[in-house]
Amino acid sequence: MRLMQSRQCLDCEKTVPAAATFNVNGRVLCTPCADKKVVELKAAKGPIEVLRGNDPTICFKCGADFGSTELPLLAGVHACESCRQQMLNFQYPAWLKIAFASLVLLLAISLVHGRSYFAAGRSYYRAKKLLESGAAKEAVPYFQQALESGTTSPDVLQNTALAYLRAGMPQQAYKVVEGRTFEKTDLFRVVEAEFNRFAQASAKADTAAQMYKEKKYQEAAKNMHEAAAAYPVFPGFTEAANRLDYSVLFDARDYDGMVTLSEKLWSRHQSYESAAGLAGAYACRYAVTGDDSVKQKAMEMMDKARSLAKSKDEQDDLMEWQPRFDHRIQTRKIVTKEEYDAMFSHELTAEGKN
Amino acid sequence: MFFVPGFVISILTFPGVIVHEAAHAYFCRMFKAPILEVKYFQFANPAGYVIHGEPENFKGQFFITMGPFIVNSALCVLFCSAAFLPVWVLSIKDPLSWFFYWLGLSIGMHAFPSTQDLKILWRHAPAKAKTLDVWALVSLPLIVILYPLNFLRVIWADLGYGIAIGILGPLAIFELLA
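Residue numbers (the numbering used here), protein chains in the order written: chain A, 1 to 354; chain B, 1001 to 1178.
These are calculated hints, taken from the structure and not from any lab test.
Treat the hints with care, since some could be wrong.
As the list claims (entries may be wrong) - In silico DSS-like pairs for lysine-lysine, Cα to Cα no more than 30 Å straight-line:
#, chain 1, residue 1, chain 2, residue 2
1, A, Lys61, B, Lys1119
2, A, Lys37, B, Lys1039
3, A, Lys213, A, Lys310
As the list claims (entries may be wrong) - Estimated spans, in silico, between C-beta atoms of each pair:
#, chain 1, residue 1, chain 2, residue 2, range
4, A, Asp313, B, Phe1099, 46 to 56 Å
5, A, Gly134, B, Met1030, 49 to 59 Å
6, A, Glu40, B, Ile1145, 58 to 68 Å
Claimed, not checked - Output of the computed footprint for chain B on chain A, the stretches with three or more beta carbons under 8 Å from beta carbons of chain B:
#, stretch
7, 71–78
8, 173–184
9, 251–262
10, 281–294
From the three backbone atoms N, C-alpha and C, an ideal C-beta is built for every residue, glycine too.
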């Protein structure tokens, strides 16, 4: 016969199984009395300490009754050997193991899924740092990488536009923000101010173009220089200003001045444009002086121009310019493009050298 | 501040509750503390718990109490890092990234150790700290910070913590990598 332990309730004095008792603030009570006491203590807002009464002969975990045999204590409770081993060698349930594996899998998926965003985000942060340090040109490729992620972030778009504007690429800046509306934040105002600066410079450049059409080369050059000064990062204004200076000197028949200017531009930036311009200037000086060493220089620069003509525009320009250059060298006559075209009825294809 | 019943929060952020209790159980096992009962999740208060015996040393007590804080915080930063850029920086409409962000925040929100766990740690920490026990020295400031934060759960301190590490953690990582 099994003999579980029993206790006497200190309130109702009934004898009940020890496992069915509670210790409420130090008093051993049966379950109904314990419930009543807890309600009373709660109403009185006094301190409550409730401990479940235990029977050292009944396993805390599985409830098996071991009769008169007292079970060993583990962490303050009596447990049979089987439950004792379960508590010491705790095993996770299968569903938790599956959930854990799923969590690890999800983490891996999240990292793989976020890979392209990592690249874009890293490029964006790097670009922003470069832009803040004043290296807008260097920042542009990183902003372009960030844009490839398909971002719609106003901050990313506006910072990209700002980098383009400060790198002298206003058309690309416009494409980035075209058709979008932005909140009027501090960043918005900075970008807006930069666009306005370019717009003002463009207005000057338009005036210069108008003056050029009216053959007012000096005024055209002055306006274009103002545009270049207002927006120095845009190479288009500076190049146009240099071309206009060239036209002013050609118009004034200052061929030495043309050579000096062209040599300066060539030493600053070796391109098809600067090579062809210098070839033209040497050709003019040769036409005036008949100096073969100058002719030689002109021919050498024209060779360089030919080798530097890579883009379609440059190739087209070369096609138009080469016969005029040859004509100047062969005849030692300096004629404008219009005069040359009138002489040979060539089609007007591009804006040529003088 | 608006009131949302605790069980609603627990349901919305149940992965965090499970991770928290599983981490408790893991550290109990690691430091040979007998586990009497585990509830990984339930629709009641508390949403989960682990009843365990005393570990062999204070280091064990420290990890059983702080383990979930460390594990939940780390998982929160990892999941949120993967989703931080598309959600917060690049503004890309990507439901999967939002899912990972929810998962990260849910886990981070349940990082705080319970008041009961902190009380047990506090019971032993000052005496151990006097013997220059490293874990006791580490635990003291953590208890001082986390104990009052636990009470601030009523004003969403746990959500605040999750958001803070879910945003500031990845932000720090990307600023460092840039």
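| field | Hints breached by this structure | value | Hints 6, 8, 9 and 10 not satisfied by this model.
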